[in-house]
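Novice: In case you want the letters, here they are:
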Amino acid sequence: MDKLHLHYEVEGNDFVAAGEAAGQMKRTLRQLGIDFEIIRRCSICMYEGEINMVAHAEGGSADVIIAKDKVTIVLEDTGPGITDMELAMQEGYSTATQDVRELGFGAGMGLPNMKKYADTLAVESTPGVGTKVTMEINIPA
Amino acid sequence: MKHSVTLDKDKCKGCTTCIKHCPTEAIRVRRGIAHITEERCIDCGNCIRVCPHKAKKAVCDGFERLKEFEYTIALPAPSLYGQFRNLTDVNVVLTAFLHIGFDHVEEVSQGAELASSITKHMLENDPDLPKPLISSACPASVRLICQRFPKLIPHISKVSAPFEIVAVRARKEAVERTGLPPEKIGIFFITPCPAKVSAGRVPAGLSAPVVDGFFSISDIYKRLLTAMKSIDKPLPLSNSGLIGVGWAHCGGESNAAFHGQHLAVDGIENIIAVLEDLEDGMLPQIDFLELNSCNQGCVGGCLTVENPYVAQTRIRQLIQHMPISLNRLPKDAEPPAYMFDDKPLEALPVNILDDDMEIAMQKYAKIEELLEALPGLDCGSCGAPTCKTLAEDIVQGLALEDDCIFRMRERMQYLMGMGDADEYLPLPFRRRDDEA
Numbered sequence: 001m002d003k004l005h006l007h008y009e010v011e012g013n014d015f016v017a018a019g020e021a022a023g024q025m026k027r028t029l030r031q032l033g034i035d036f037e038i039i040r041r042c043s044i045c046m047y048e049g050e051i052n053m054v055a056h057a058e059g060g061s062a063d064v065i066i067a068k069d070k071v072t073i074v075l076e077d078t079g080p081g082i083t084d085m086e087l088a089m090q091e092g093y094s095t096a097t098q099d100v101r102e103l104g105f106g107a108g109m110g111l112p113n114m115k116k117y118a119d120t121l122a123v124e125s126t127p128g129v130g131t132k133v134t135m136e137i138n139i140p141a
Numbered sequence: 142m143k144h145s146v147t148l149d150k151d152k153c154k155g156c157t158t159c160i161k162h163c164p165t166e167a168i169r170v171r172r173g174i175a176h177i178t179e180e181r182c183i184d185c186g187n188c189i190r191v192c193p194h195k196a197k198k199a200v201c202d203g204f205e206r207l208k209e210f211e212y213t214i215a216l217p218a219p220s221l222y223g224q225f226r227n228l229t230d231v232n233v234v235l236t237a238f239l240h241i242g243f244d245h246v247e248e249v250s251q252g253a254e255l256a257s258s259i260t261k262h263m264l265e266n267d268p269d270l271p272k273p274l275i276s277s278a279c280p281a282s283v284r285l286i287c288q289r290f291p292k293l294i295p296h297i298s299k300v301s302a303p304f305e306i307v308a309v310r311a312r313k314e315a316v317e318r319t320g321l322p323p324e325k326i327g328i329f330f331i332t333p334c335p336a337k338v339s340a341g342r343v344p345a346g347l348s349a350p351v352v353d354g355f356f357s358i359s360d361i362y363k364r365l366l367t368a369m370k371s372i373d374k375p376l377p378l379s380n381s382g383l384i385g386v387g388w389a390h391c392g393g394e395s396n397a398a399f400h401g402q403h404l405a406v407d408g409i410e411n412i413i414a415v416l417e418d419l420e421d422g423m424l425p426q427i428d429f430l431e432l433n434s435c436n437q438g439c440v441g442g443c444l445t446v447e448n449p450y451v452a453q454t455r456i457r458q459l460i461q462h463m464p465i466s467l468n469r470l471p472k473d474a475e476p477p478a479y480m481f482d483d484k485p486l487e488a489l490p491v492n493i494l495d496d497d498m499e500i501a502m503q504k505y506a507k508i509e510e511l512l513e514a515l516p517g518l519d520c521g522s523c524g525a526p527t528c529k530t531l532a533e534d535i536v537q538g539l540a541l542e543d544d545c546i547f548r549m550r551e552r553m554q555y556l557m558g559m560g561d562a563d564e565y566l567p568l569p570f571r572r573r574d575d576e577a
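Read top to bottom, the protein sequences are chains A and B. Every letter in the first sequence is one number past the one before it in my numbering, and letter 9, counting from 1, is 9. Start counting at 1 in the second sequence, then tack on 141, and there's your number in my numbering.
Check the hints yourself; a few may be wrong.
[Claimed, not checked] Simulated crosslink set (DSSO-like; lysine-lysine; CA at most 30 Å straight-line): (1) A/K68 to B/K152; (2) B/K363 to B/K299; (3) B/K198 to B/K529; (4) A/K70 to A/K115; (5) A/K116 to A/K70; (6) B/K272 to A/K116; (7) B/K292 to A/K68; (8) A/K70 to B/K507; (9) B/K529 to A/K68; (10) B/K195 to B/K363; (11) A/K115 to B/K272; (12) B/K529 to B/K161; (13) B/K529 to A/K70; (14) B/K208 to B/K272; (15) B/K292 to A/K3.
For the record, the hints were derived by calculation from the structure and aren't laboratory data. Since the structure is predicted, the reported quantities are computational estimates derived from the model, not experimental observations.
Make a model of the complete structure from these sequences and hints.
Specialist: What follows is the structure in structure tokens.
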């Protein structure tokens with residue numbers, strides 16, 4: 001077996017449930033004996049992605065493909081899309097609403113953190129259609 | 142690892158209460174008897190607490206063991222003081238120990254104050270200390286970290302347990318006082334929980350035990366109570382303050398550390414949630430993390446007699462009139478004397494499906510496949526706490542698919558060519574009316 005596929009649905013507007021996919025993924029990665037540091041990075045990437053989908057896109061789906069050499073996390077939503085990618089990648093920039101900010105989110109660290117903790121990050125977004133975020137975290141041999 | 146939680150086979154009915162309440166999924170029922178998987182047990186005592194047949198017990202020592210020594214010393218845990226109604230002077234309890242066969246008594250709260258003093262010193266002076274520093278006082282929590290959060294092991298404080306600090310000092314002083322060789326002196330810890338018994342018998346960070354035996358608070362309670370009634374003039378034996386005695390309840394230890402931000406957590410499920418967050422870096426910046434596997438802290442230990450909330454309130458009232466602390470680290474003390482560093486804590490991972498990641502992935506896929514076919518009722522009839530644990534046991538070769546009574550029933554009906562399975566199922570598991 002060379003690949004293991006996990007799939008999660010992320011509910012929109014539910015900040016309490018956000019992080020569930022990250023938690024479940026973490027348990028699975030632990031059962032596979034993957035190094036703690038790798039798990040931590042995957043976990044942060046997934047958590048930030050989940051929060052983004054909850055805050056901006058009324059939820060979405062998360063797919064995790066685990067191979068011996070890397071973990072790939074694919075997040076897809078049908079939200080408003082990102083109009084200015086350069087700004088979105090900037091630390092501290094956020095389009096989150098006041099409601100979301102009052103809950104303690106929307107600090108503008110989502111995508112920057114994903115970039116920091118993933119080995120590769122690819123964001124495909126079409127305004128009005130949706131966003132697809134693909135992150136790869138390498139597992140050193 | 143030698144555990145101190147064991148089973149009374151005659152009393153065990155093979156019911157599934159304990160498997161449902163074990164936080165580490167360490168128990169399986171097999172042939173009418175609950176079996177504890179040693180590698181998974183953290184001695185938290187939850188099974189002792191919930192067993193309706195009193196079949197789970199902690200292995201402590203019998204009082205006849207006092208006869209093995211020429212001079213005996215009792216080390217009562219501070220949680221003991223919360224067990225007595227209308228207690229205003231801890232000296233009454235301490236004096237009672239001398240009436241029930243001990244030659245000497247030293248409060249564990251003295252060791253707690255020394256531990257607090259060292260911890261405070263470390264937090265203030267050691268810039269390289271991993272933050273948060275995690276308390277090493279609750280052995281069930283320490284073992285949980287070694288099993289499930291090995292990445293956090295470097296955070297665990299190397300300060301010895303209060304009873305160990307006191308035991309080492311008490312033996313040394315007793316040798317000087319009596320002239321007896323150290324092995325003739327018997328030191329007994331009066332414990333609120335089985336985790337401290339296991340940890341004391343095989344210390345996690347020490348190469349040899351420093352106490353000679355353990356009596357549970359519940360075993361010694363009645364003897365003390367009887368003796369206490371006849372004490373008019375208690376001896377002035379107490380030598381600790383509110384910091385040491387405060388360790389008996391959740392928050393006492395972290396309040397004593399004084400420095401910076403601290404967080405005190407009680408209850409094993411809450412601990413697991415906090416450690417998950419800490420591991421992911423999701424906790425706010427804190428300097429010290431106190432963990433108590435029992436609700437309300439050590440007063441909630443399963444070997445105590447009083448309701449933990451009542452005991453906690455009593456401790457709070459009792460310490461109101463105590464001095465702050467009577468035991469501080471001497472300026473010239475060598476801190477290592479109070480630290481365990483001769484045997485580092487080891488990771489004891491129990492959740493990894495296989496050392497070979499490829500095989501682990503195969504096993505994981507098989508578990509998912511099995512879960513699809515299992516009923517998802519977590520009924521426990523197979524002897525495992527959940528359908529998921531049964532699936533894990535199956536891939537590890539520890540159980541069979543037919544252990545699930547629902548799967549078994551389906552198969553039998555199929556073989557016998559019988560019709561609707563619904564008629565044969567117990568009422569709770571039949572189809573809903575709206576599905577019929």
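Novice: Which earlier hints can't be squared with this structure?
Specialist: Result: hints 1, 2, 14 break, sorted rising.
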